[in-house]
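Number of protein chains: 2
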Amino acid sequence: VVGLAEPEASLAGAAASTGPTARHRIVIVGAGFGGLTTAKALARADADIVLIDRRNHHLFQPLLYQVATAGLAPTQIASPIRTILRHQANTRVVLGEVEGVDVAGKAVLGQGRRVPYDTLVIATGATHAYFGHDEWAAAAPGLKTLEDAVSIRRRVLSAFEAAEIAEDPAERRRLLTFVIVGAGPTGVEMAGAIAELGRRALKADFRAIRGEKARVVLVEAGPRALAAFAPELSDYTRRALERLGVEVKLNAAVTAIDDGGVQLGEERLESRTLVWAAGVRASPAAAWLGCEADRAGRVVVEPDLTVPGHPEIFVIGDTAHVRQEDGSPVPGLAPAANQEGAYVASLILHRLRGAPYRAGPFSYNGVGILATIGRAAGVVQLDSIRFNGLLGWLFWSIVHIFFLIGFRNRFTVSLDWMISYLTFERGARLITGTVGPPD
Amino acid sequence: VVGLAEPEASLAGAAASTGPTARHRIVIVGAGFGGLTTAKALARADADIVLIDRRNHHLFQPLLYQVATAGLAPTQIASPIRTILRHQANTRVVLGEVEGVDVAGKAVLGQGRRVPYDTLVIATGATHAYFGHDEWAAAAPGLKTLEDAVSIRRRVLSAFEAAEIAEDPAERRRLLTFVIVGAGPTGVEMAGAIAELGRRALKADFRAIRGEKARVVLVEAGPRALAAFAPELSDYTRRALERLGVEVKLNAAVTAIDDGGVQLGEERLESRTLVWAAGVRASPAAAWLGCEADRAGRVVVEPDLTVPGHPEIFVIGDTAHVRQEDGSPVPGLAPAANQEGAYVASLILHRLRGAPYRAGPFSYNGVGILATIGRAAGVVQLDSIRFNGLLGWLFWSIVHIFFLIGFRNRFTVSLDWMISYLTFERGARLITGTVGPPD
Numbered sequence: 035v036v037g038l039a040e041p042e043a044s045l046a047g048a049a050a051s052t053g054p055t056a057r058h059r060i061v062i063v064g065a066g067f068g069g070l071t072t073a074k075a076l077a078r079a080d081a082d083i084v085l086i087d088r089r090n091h092h093l094f095q096p097l098l099y100q101v102a103t104a105g106l107a108p109t110q111i112a113s114p115i116r117t118i119l120r121h122q123a124n125t126r127v128v129l130g131e132v133e134g135v136d137v138a139g140k141a142v143l144g145q146g147r148r149v150p151y152d153t154l155v156i157a158t159g160a161t162h163a164y165f166g167h168d169e170w171a172a173a174a175p176g177l178k179t180l181e182d183a184v185s186i187r188r189r190v191l192s193a194f195e196a197a198e199i200a201e202d203p204a205e206r207r208r209l210l211t212f213v214i215v216g217a218g219p220t221g222v223e224m225a226g227a228i229a230e231l232g233r234r235a236l237k238a239d240f241r242a243i244r245g246e247k248a249r250v251v252l253v254e255a256g257p258r259a260l261a262a263f264a265p266e267l268s269d270y271t272r273r274a275l276e277r278l279g280v281e282v283k284l285n286a287a288v289t290a291i292d293d294g295g296v297q298l299g300e301e302r303l304e305s306r307t308l309v310w311a312a313g314v315r316a317s318p319a320a321a322w323l324g325c326e327a328d329r330a331g332r333v334v335v336e337p338d339l340t341v342p343g344h345p346e347i348f349v350i351g352d353t354a355h356v357r358q359e360d361g362s363p364v365p366g367l368a369p370a371a372n373q374e375g376a377y378v379a380s381l382i383l384h385r386l387r388g389a390p391y392r393a394g395p396f397s398y399n400g401v402g403i404l405a406t407i408g409r410a411a412g413v414v415q416l417d418s419i420r421f422n423g424l425l426g427w428l429f430w431s432i433v434h435i436f437f438l439i440g441f442r443n444r445f446t447v448s449l450d451w452m453i454s455y456l457t458f459e460r461g462a463r464l465i466t467g468t469v470g471p472p473d
Numbered sequence: 035v036v037g038l039a040e041p042e043a044s045l046a047g048a049a050a051s052t053g054p055t056a057r058h059r060i061v062i063v064g065a066g067f068g069g070l071t072t073a074k075a076l077a078r079a080d081a082d083i084v085l086i087d088r089r090n091h092h093l094f095q096p097l098l099y100q101v102a103t104a105g106l107a108p109t110q111i112a113s114p115i116r117t118i119l120r121h122q123a124n125t126r127v128v129l130g131e132v133e134g135v136d137v138a139g140k141a142v143l144g145q146g147r148r149v150p151y152d153t154l155v156i157a158t159g160a161t162h163a164y165f166g167h168d169e170w171a172a173a174a175p176g177l178k179t180l181e182d183a184v185s186i187r188r189r190v191l192s193a194f195e196a197a198e199i200a201e202d203p204a205e206r207r208r209l210l211t212f213v214i215v216g217a218g219p220t221g222v223e224m225a226g227a228i229a230e231l232g233r234r235a236l237k238a239d240f241r242a243i244r245g246e247k248a249r250v251v252l253v254e255a256g257p258r259a260l261a262a263f264a265p266e267l268s269d270y271t272r273r274a275l276e277r278l279g280v281e282v283k284l285n286a287a288v289t290a291i292d293d294g295g296v297q298l299g300e301e302r303l304e305s306r307t308l309v310w311a312a313g314v315r316a317s318p319a320a321a322w323l324g325c326e327a328d329r330a331g332r333v334v335v336e337p338d339l340t341v342p343g344h345p346e347i348f349v350i351g352d353t354a355h356v357r358q359e360d361g362s363p364v365p366g367l368a369p370a371a372n373q374e375g376a377y378v379a380s381l382i383l384h385r386l387r388g389a390p391y392r393a394g395p396f397s398y399n400g401v402g403i404l405a406t407i408g409r410a411a412g413v414v415q416l417d418s419i420r421f422n423g424l425l426g427w428l429f430w431s432i433v434h435i436f437f438l439i440g441f442r443n444r445f446t447v448s449l450d451w452m453i454s455y456l457t458f459e460r461g462a463r464l465i466t467g468t469v470g471p472p473d
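Chains as they are written, first to last, in the working numbering: chain A, 35 to 473; chain B, 35 to 473.
Each hint should be verified, as a subset may be incorrect.
Which copy? The list can't say, so a pair holds if one copy fits it or any two copies do.
[To be verified] Simulated crosslink set (DSBU-like; lysine-lysine; CA at most 30 Å straight-line):
| # | residue 1 | residue 2 |
| --- | --- | --- |
| 1 | 140 | 283 |
| 2 | 140 | 247 |
| 3 | 140 | 237 |
| 4 | 74 | 237 |
| 5 | 283 | 237 |
| 6 | 247 | 74 |
| 7 | 283 | 74 |
| 8 | 178 | 74 |
| 9 | 247 | 283 |
No wet-lab data here; the hints were simulated from the structure.
Chain A on its own, in the form it takes in the complex (with noise of 0.2 Å):
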């Protein structure tokens, strides 16, 4: 059975064999982009770091839309953790589960076991929120982990296989329409790759629906898709899901889902394959250390990043509730995470360094926003620069592959969107796990 981490007693053995056991022990849990950045950036520090994570793999979420709709496998956007601190020899990697901390006691707890801690740095990241709908979870999931892509793809791909052999013809529909609740980045990503993948696959693989089209909705609640971009943006990102045959539903909020469609106030949308990209809930971080949450659970921290009262325990990333001098909220987005992880490991190697150092506060500098709406058409907002189609496109697919993990995912994603660009044709368009629809 895998236990959380070390106790005491094998953490003291272990970091014997690497230095004195009176070094300073910093704790990171969770190996998101916060938490990895933090750990690599205290690489040469005087201390012995502990990683925990749940999973063995630092997941590259920004491309999780991908597997989810069958164009890049699940190995290509993953990575080892222990593999990439490989060669950092003040860094233990952890699998475990945390499920509390002892402030007091300065220890993180899980599966029975104590991890103790000098210096604790969470980073645990969010999940999805459904508002107080929990229920609508199984019908309509969101996208997360590995797993939830893996059961995404396999929900897609299964609604087209069911349909093919589907002898009534509101059940034919019903199979062939997919809806994506929120259109967020991930939202409009989502329905235009599975508006993409159900054009080619009826046109070509198909028989007895091959005349059909597959009627692709995405639902926002909002007045516009990407409003965290410029309206002129928003405006080319609904033009280009409709051209690519989603119909976009703006102002439309979800009163009710099931597994047979979901329910916009008075209008019912009958669909088989529903997705939930519509609102995170950052980690319960916030119950672990018994101080404030904003509403949507993340940890209302100092201007330094850390806990009120608690100098030594640093909260980062998505769970994390950071406002800037200005006012403006840091957003939840993998640069700010590694700003912010940045930014922690410099203020602790100051302080383990004893030097006179005063933090100012951190401050997130935005980079810009950008993402990508299907083949040949992406948008990118970098401040006052804005463009969009073939171009943004390009600038999105370089800045995915730069910043992804490993140079062998680097360079097979690289490949594999080349090959899918020439050919039209998705590369990892597998049903496994149970065989059928809403599982």
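Position chain B against the provided structure of chain A, taking the given hints into account.
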């Protein structure tokens, strides 16, 4: 819900769109090597062909062990069946589970539906067999599907993770001990790959268990490894395995298995990770047809591969027991299934043309056998030509790339093998699904 296949009405409807409805109906069950070859060889047949499989993908089983040992991703060794047969207008691909055959009424049955046939080809393969000890399956899973492979990958990788944080030295040894039962090609390939994985991972990626060695034990009831090969190749295989650090136990019959280890008569091997590669059992086609089966459950067919008394039903591949004129059995190999598929298709084509044709009995044109032990170590036996070592390994690699289906798979697998060879890294070290060993 995915139904088995189209009902008669919709089959007639589908046929109407491609030709007259009175066309000969050929149903092929199973899209492994045998079934897929049959379907492809019937591409120009004046018939309506339905190919039924319970998976949406054709699986290249000879490389399945590489998925189980984190060398390749599932998507690299599997292709969607309907994409493979996309351009074959006379063939429909149906995702569904067959549960029986109405031999008198000439229809395949499953999930409450009937698929009528004039000619039936059964190519449903085999699964692993525990010789009456099905209770061993939970502790010692076999390797036949992608799900099996991902599950074994999870167990193997999780065992290293659990060993890294285990406090009890005895438990750590159990976690670092891997037992593979059966020294056929799959068992040999698994043992070699796990030994290489363990050697590399323990040297580079772990901390607490860095100084330790993974113990890999290959257990075989018979007197040699790769018994189908010439004795000198068996000897080479044993030596090559031992060079990799694998303990090869010959003449060692398993008498009991539990989740803490395996019993070989008086001797006990303590291990948390067992893999079963010792026996296969045919799919239940004999029960569907109500005909004679051999001890491995295979249908005993006529020399022309038809079921006795039913010239319209063929059974091929691992589901068929075929004796050739010289009395020797046809081996359960991919080339044999392919040749049987081609033979059956040609026989059906002649019958369809009403040509005066009397089939000679099927005879297997043995092309040779080959297996790999690990990096730069393979064995090849082509009739009287035998070689091993680096040359055997290169030959093995080229043959497997050549027979892999799909340009993209050939290309990415070649590439991944090249990168692995140069870097010693395995590219697919993901633990997905339930976290933690034995699930």
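These are the hints, each one checked on the structure:
Taking identical chains as interchangeable, the C-alpha atoms of residue 140 and residue 283 are never at most 30 Å apart, the minima being 50 Å within one chain and 50 Å between chains. In the homo-oligomer, the alpha carbons of residue 140 and residue 247 never lie at most 30 Å apart, since the shortest distance is 58 Å inside one protomer and 35 Å across protomers. When the C-alpha separation of residue 140 and residue 237 is checked against a cutoff of 30 Å, the pair qualifies neither within a copy, at 60 Å, nor between copies, at 32 Å. When the C-alpha separation of residue 74 and residue 237 is checked against a cutoff of 30 Å, the pair qualifies only between copies, where the shortest distance is 21 Å, while the shortest distance within a copy is 47 Å.
For the homomeric pair residue 283 and residue 237, the shortest alpha-carbon distance inside one copy (26 Å) is at most 30 Å, but the shortest distance between copies (55 Å) is not. Taking the shortest Cα distances, residue 247 and residue 74 sit within 30 Å of each other only across copies (28 Å), while inside one copy they are farther apart (48 Å). Neither within a single protomer nor between protomers do residue 283 and residue 74 lie at most 30 Å apart by alpha-carbon distance, with minima of 43 Å and 44 Å respectively. Only within a single protomer do residue 178 and residue 74 lie at most 30 Å apart by alpha-carbon distance; the minimum there is 23 Å, versus 40 Å between protomers.
Taking the closest pair of Cα atoms, residue 247 and residue 283 come within 30 Å of each other only inside a single copy of the chain (18 Å); across copies the shortest separation is 59 Å, beyond that limit.
This entry does not satisfy hints 1, 2, 3 and 7, going by the numbered hints stated previously.
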